[in-house]
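> Read off the chains here:
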Amino acid sequence: MPISLKQRLLLLSLTTVLVVWVAASLFTYFDAREEFEELLDAHLAQSASLLVAQSSHDLDEIETEHAPLLHKYSRQVAFQVWNEERVLRLHSANAPTQLLATKEQGYSDNVIEGKRWRVFSTLDAAENNLIQVAERTDVRDELAEGIAGNLLKPLLVSLPLLALLLWIAVSRSLRPLVKLTAEVGQREPENLHALEVASAPAEVQPLIERLNQLFARMEASLQNERRFTADAAHELRTPVSGIKAQAQVALATIDDEQRRHALDNVILGCDRATRLIEQLLTLARIDNLGDDLTESCPLKAIAAEVIAQIAPMALKQDVRLELCAGEEHVVNGNPLLLRILLRNIIDNAVRHTPSGTEVKINVSAISGLTCLSVTDSGQGIPEAELSRVAERFYRPVGTTASGSGLGLSIVKRIAEIHHATLDLKPSSTGLTVSLMFK
Amino acid sequence: MRILVVEDDALLGDALQAGLKLAGYAVDWMKDGASADQALLTEPYAAAVLDLGLPRLSGLALLQRLRGRHHTIPVLILTARDTVEDRIKGLDAGADDYLVKPFDMGELSARLRALIRRSSGKPAAALSAGGVELDPATHKVRYGGVPIELQAREFAVLHALMLNAGRVLSRAQIEEQLYAWGEEIESNAVEVHIHHLRRKLFSRLIETIRGVGYLIPD
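For the record, the sequence lines run as chains S and V. Taking our numbering, I'd label the letters of the first sequence as residues 4 to 441. Taking our numbering, I'd label the letters of the second sequence as residues -9 to 208.
Listed below are several chain S residues computed to face chain V (Cβ distance under 8 Å; list not exhaustive):
{"hint": "1", "residue": "237"}
{"hint": "2", "residue": "240"}
{"hint": "3", "residue": "241"}
{"hint": "4", "residue": "242"}
{"hint": "5", "residue": "245"}
{"hint": "6", "residue": "248"}
{"hint": "7", "residue": "249"}
{"hint": "8", "residue": "251"}
{"hint": "9", "residue": "265"}
{"hint": "10", "residue": "268"}
{"hint": "11", "residue": "271"}
{"hint": "12", "residue": "272"}
Capping the alpha-carbon separation at 27 Å, the derived lysine-lysine pairs in DSSO-like fashion look like this:
{"hint": "13", "chain 1": "S", "residue 1": "363", "chain 2": "S", "residue 2": "303"}
{"hint": "14", "chain 1": "S", "residue 1": "363", "chain 2": "S", "residue 2": "319"}
{"hint": "15", "chain 1": "S", "residue 1": "428", "chain 2": "S", "residue 2": "363"}
{"hint": "16", "chain 1": "S", "residue 1": "415", "chain 2": "S", "residue 2": "441"}
{"hint": "17", "chain 1": "V", "residue 1": "11", "chain 2": "V", "residue 2": "21"}
{"hint": "18", "chain 1": "S", "residue 1": "428", "chain 2": "V", "residue 2": "21"}
{"hint": "19", "chain 1": "S", "residue 1": "247", "chain 2": "V", "residue 2": "21"}
{"hint": "20", "chain 1": "S", "residue 1": "247", "chain 2": "V", "residue 2": "11"}
{"hint": "21", "chain 1": "V", "residue 1": "190", "chain 2": "V", "residue 2": "11"}
Think of the hints as simulated: they come from the structure by calculation, not from any bench. Cβ atoms here follow ideal geometry from the backbone N, Cα and C, with glycine treated the same way.
Take the sequences, apply the hints, and build the full model.
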């Protein structure tokens, strides 16, 4: 069960309110109680001083009755007046007959006949009579409980009300999120339009912005894929047409030599279509590859490996391959992709160089940058077309060698992934394709 | 009938050339738009098969240039671009027909026959003059209902004359329709073909206008 933001907010705010409220109530309660105790103590002292004033006169034993209770908070105050022999001379009706407190000066708490009393004792001016004024503690407690109750009652009533209001407030605050969820949830998979940012609350805006960025990236990659599929389907049409037309010529002709020629062309066409498909797949794979360039790639070793693979084909065409590399040069990248890159460049060079010539592969360091270059002895590419050759499916005029027009697109893409600059320029013998690794 | 094929793909161009030759056409094959434009300026083609994605001069640009010169040659666009917009663009640029790759050789020749028929102002599939019937689709010729065996070149000469019935064609004009570029033209080939045609059909079908050329009367 995931954490509900709403529940969490509600719980946190309610707990906070409760804790603060209880703390405030406790503080108020204890503070009030202290003040109130002091007030009552002061009353005891005042009552005692009145008695002191009276006890100086010779008094008969009198019964003191308090006026009837006018208020529930009216306190039951008892008093005792003891003479110098500590004989009880005077006491209120509610006072016990034994000494309320042994202490003769000041306040004390005592239990008499199972009841707790707060007692103020004092001696009169002649220090003959002991006057004790007392009040039942349970009455005091009752009063204190009343105060506490009054403090807590609004809390108990308002807490559920507060919870309800908070719930409404939190729900309303979270509505943009709910709306966003619904909007994203109802989207068709192909709908990658940006979500509206302006109307969203500030906290949600970054989320929407990130989502929009994601949508944009997905849209771009989808577009790329669509374009690629369309291009690929389009480019496969021509070789397939060629194969079909050649096959129809083979069927229609009565000339054996022409039939053989047409059938040879059918096979050639199939080979070309196969190569095109392979390169399309390679390109698609590169396009979907992340930029994982963390591996160390020894360029010299990779070049040697690729040259060894291509050498048999080159020998068949009487093309010599030569690797010129001093020490090993290591670049960060993806060795698999670099192998594909090198194979495409060298393969391309071998295809376009005349028989009896050579293709040179050079790995070197130029002003701190690792440079990889492949030079052939072919006819090169006209200046005007140099910028276009790396476009997908582009094949320069007069190209006789079989090719899909995808090889350099693959090279370009891999170079881009490796942040290497691809450069094509005429050399003294033919064409030089060079890559500078940063 | 001489056809211009403009196609940059080697295998497809080769097949088009061979296939259309088998269908009885003389075929010139150009691999880019600019050389096709040059060829169209000088050679009298009966029709052109045009790819759109061409180096140096795109098919559409070539077509616009051609129509800008009021060249009336029937043009069939043969392309991998198959969207409705592409077809509309192609036809509006001045193409007479539009065929999407991959195609069938039979269909391509049938469409070319239809285009040539219409451009010659003779909409019936079979041509007839003076009791001779010629079917360009089947390469069959009948005279008075009886099938006549003709060689490919003889058929082509008869086809050219019948398409242009009522008009005089010079020897050079007939030759241009018979031979593609680079093909060896025998010096008196046209005379030989006419002679054979007269022998196989009847002597008065093809009239000779001395010093000018030949004609089949309407």
